[in-house]
Amino acid sequence: MATQVFKIPESFRKNVRYSFCPGCDHGVAVRLVAECLDELGLTENAITATSIGCSVGLYDFLNVDSIEAPHGRALAVATGVKRAKPDKFVFTYQGDGDFASIGWAESMHCAFRGENLSAICINNTTYGMTGGQLGPTTLLGQVTTTSPTGRNIEYYGYPVKIAEHIALSDGTAYSARVSLDSVANIKKAKLAIKKAFEVQLKGLGFGFVEILSSCPTNWRMTPEQAHERVRDEMMQIFKLGVYKDITV
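Going by this note's numbering, the sequence shown opens with residue 4, and the numbers climb by one from there.
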């Protein structure tokens, strides 16, 4: 049986200090993005836009051209980049608070317009970088620094189901929700990211992937406990699957 060699993606910067918290799934997500860029031959032609949050750490690891956006405005900035440089491969990498709260209008209208972009949203049910506040995807009953007695419907409303909303747009070519809680799901996540990239390459419209991710630091859990929470709690509300794919 041949031994599979674990290789560093070509699009990774070399000798970079790991900047995410121990056990955080952002590291896995960034690697999957890098592998997809490599395998599709996009590294030299890619431009990424992120805004504020843990997702901004993407810049530390990927050796691609990048542009910084104000909080929540990554897809607005990416739209300008793509329209100015239509020959470039343009994608965003954002957190759920950035994508679905502060930037909800920018995100949805990008999908409504059918911009030929790819977007990745990391859903860890909290504002990770700024201390674990309640976010748009915080689960009912979840305790955060700004919901100390847990999220309740009467005061905070329901969590936003991002992939489903994006799928409703006529301009969306692909919308899926995946998870990084297991090796099997990591493999599926990579396929979804690659598909979101491919629909842009084919000029089909907006490609989107929501990734369920753990946040051991703000959840105050071990990495193992955090992945159990993803499976036992998050997946019960945020169902995995492809919500729209115009190619099938």
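Heads up, some of the hints might be wrong.
Here are the simulated DSBU-like pairs of lysine-lysine, each with C-alpha atoms no more than 30 Å apart in a straight line [to be verified]:
no., residue 1, residue 2
1, K10, K197
2, K242, K17
3, K191, K205
4, K193, K242
5, K164, K190
6, K197, K164
7, K205, K88
8, K242, K88
9, K247, K193
10, K205, K190
11, K10, K191
12, K247, K17
13, K242, K164
14, K247, K164
15, K191, K164
16, K205, K247
By construction, these hints were calculated from the structure, which means they are not laboratory data.
Going down the list of hints, with the structure as the test:
Taking the CA atoms of K10 and K197, the gap is near 18 Å; set against the 30 Å cutoff, the hint holds. Under the criterion of a C-alpha separation no larger than 30 Å, the hint pairing K242 with K17 is inconsistent with the structure, at around 36 Å. Our distance criterion of 30 Å between C-alpha atoms is met by K191 and K205, whose separation comes to about 21 Å. About 17 Å separates the Cα atoms of K193 and K242, which keeps this hinted pair within 30 Å; it holds.
For the suggested pair K164 and K190, the alpha carbons sit about 22 Å apart, so the restraint of at most 30 Å is met. Taking the CA atoms of K197 and K164, the gap is about 22 Å. The hint holds against a cut of 30 Å. Among the hinted pairs, K205 with K88 is consistent with the structure: their alpha-carbon atoms are about 16 Å apart, no more than 30 Å. Of the supplied pair hints, the one linking K242 and K88 is violated, its CA atoms being roughly 36 Å apart against a limit of 30 Å.
This hinted pair checks out: K247 and K193 have alpha carbons roughly 17 Å apart, not beyond 30 Å. A C-alpha spacing of about 23 Å is found between K205 and K190, which places the hinted pair at or below 30 Å, so the restraint holds. A hinted pair counts as satisfied when its Cα atoms are at most 30 Å apart, and K10 with K191 qualifies at roughly 19 Å. A distance of roughly 37 Å separates the Cα atoms of K247 and K17; the hinted pair therefore is violated under the 30 Å criterion.
With a CA separation close to 9 Å, the supplied pair K242 and K164 stays within the 30 Å bound. Simply put, K247 and K164 have alpha-carbon atoms about 14 Å apart, close enough for the 30 Å limit, and the pair holds. Between the alpha carbons of K191 and K164 the distance comes to roughly 19 Å, so the proposed pair stays at or under 30 Å and holds. For the hint pairing K205 with K247, the CA-to-CA distance comes to about 16 Å; that is within 30 Å, so the pair holds.
Comparing the model with each earlier hint shows violations of hints 2, 8, 12; every other hint is respected.
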